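*Asks:* What follows is the residue order along each chain.
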Amino acid sequence: MGLPLEHAPRRDLLQQADVLSRISADLDPETVAKAQAAIAQDIAFFETFETFSTFKTVTTLTVRPSNHAQLHGDYEAGNLKASPEALEAARLLTLLFAGTPD
Amino acid sequence: MSDKRPYLQTLIFEVTQRCNHTCPHCYNVWHAESRGPQGPYPRGESDTRRTLALLNKALNETRCDHVTLTGGEPLLRSDLTQILDLLAERNVRVTLISNGRLLTDQTVVDLIERGVTLFELPLLSHRRQMHDRLSGSPGAFDAVLAAMASIRYHQGRFVSVFVGTRLNGADLHDTIQMAFAFGASGLMLNRMNVGGRGCAHVDELLPSVAEVRAMLAVANAAVDEFRLGISCSIAIQPCLIDIGAYPNLQFGFCGAGTERAYFTLDSLGNLRPCNHTPTILGNLFEESFADLVFSERMTSFVEAAPDLCRPCKLRDTCRGGCKAAAEVCHGSLTAPEPFLQRNLPLARPLASDR
Chain Y
11 MGLPLEHAPR RDLLQQADVL SRISADLDPE TVAKAQAAIA QDIAFFETFE TFSTFKTVTT
71 LTVRPSNHAQ LHGDYEAGNL KASPEALEAA RLLTLLFAGT PD
Chain E
51 MSDKRPYLQT LIFEVTQRCN HTCPHCYNVW HAESRGPQGP YPRGESDTRR TLALLNKALN
111 ETRCDHVTLT GGEPLLRSDL TQILDLLAER NVRVTLISNG RLLTDQTVVD LIERGVTLFE
171 LPLLSHRRQM HDRLSGSPGA FDAVLAAMAS IRYHQGRFVS VFVGTRLNGA DLHDTIQMAF
231 AFGASGLMLN RMNVGGRGCA HVDELLPSVA EVRAMLAVAN AAVDEFRLGI SCSIAIQPCL
291 IDIGAYPNLQ FGFCGAGTER AYFTLDSLGN LRPCNHTPTI LGNLFEESFA DLVFSERMTS
351 FVEAAPDLCR PCKLRDTCRG GCKAAAEVCH GSLTAPEPFL QRNLPLARPL ASDR
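From first to last, the protein sequence lines stand for chains Y and E.
Residue 53 in the numbering used here is what sits at position 43 of the first sequence, and the numbering runs on without skipping anything.
Residue 223 in the numbering used here is what sits at position 173 of the second sequence, and the numbering runs on without skipping anything.
Hints in this document: simulated from the structure, not taken from any laboratory.
This structure is a prediction, so every number in the text was calculated from the model and none was measured.
Cβ coordinates follow ideal geometry from the N, Cα and C atoms, glycine included.
Wrong hints could be hidden among the right ones.
Stated by the list, open to error - To give a feel for the contact side, a few chain Y residues facing chain E, derived at Cβ under 10 Å:
1. 21
2. 30
3. 37
4. 40
5. 44
6. 46
7. 49
8. 51
9. 57
10. 58
I would like the entire structure built from these sequences, with the hints used as guidance.
*Replies:* Right under this line is the structure:
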């Protein structure tokens, strides 16, 4: 499964979910469920992407690329909130984009 | 040494003339209602071997990295995956125009994996009854919404196409809203362009200037409401409607003779200047792409415009609207096309360039 290249901003996703709930009464329930699942999937991706972007900015500013052990600490020191799963995903993405072995 | 092969922004490839819907506004040139200058349009389609050979020849003889597959309904071709595999091998991006009827979940996954980067799907109304009526097929509405949900779920992209007619114009806002909720990447608002089967439904379907204005106003506001790009690719003559009054919308005009040209190839090898015209430049099985597009027939097509447009300063941009529609309906590329013809009394004079 590929990553959405033109990802809708978060507020669009929330508006889509809202509109979908309002217009769904007369629509096929299976179709609505799939559309809702697609929106949820995009929101989850967005959360991860947002965390990753913040994380990358923080690490670019504060951490030398070779000092992996310190990445978590510096991130947490910034008082930024993210779930452990999103944080791990962001960490892996950072390493992936940096081309640095874990 | 520079590459002298014709550059194509996209090649439109009509893989089949067969269709499982009977849209009353359908402009496909092979319908009996169309009147081409060369007689009835050739019917049929090539087998897999000849179709692949034809596509290879077209790609070899042009600079083209994007193909739009259309029909008819492309998914009625059982060898569509072979066509897609060839295009993937040639590193060609693919847009698929479909009515959505056969886009099951598994088919969507397969098409995305085989390189379809964009789907164009009709959403003609937010009301089931109206969409089905304008598709000529009960069940069309539920099928296309299921296809949209599936495409988005599998991380594909689609744009939604609204053909504006007298019957569904009032549905536009709620239809845009529905397309937005299902995750459309954009929306095409095309006023009905007369051709094909549509020739028999002009009185019933062709919107008036006032109706088109109303649709444009709704669409212009919807861009702000839903932050969804909306383009109008069927020409709207500025002498009939001040398109500058709708700054959120993108307007297109006939691309013939420019880099935006929509050269259209059918699987029998017939090459045309665009998908709306029945004018055949020649057969690609028999001649080279360059010989066909740098031909007298193509020059005549590009230069044709209604006499009444000659003094207009926007003549070279607008070109009188869709000359293919004029050709199909009135048998002449230089006749005013139906939307212009019917509304001539409303045309406001634009400044002359002379």
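*Asks:* Of all the hints numbered above, which does this structure not satisfy? Sort the numbers upward.
*Replies:* 9 and 10
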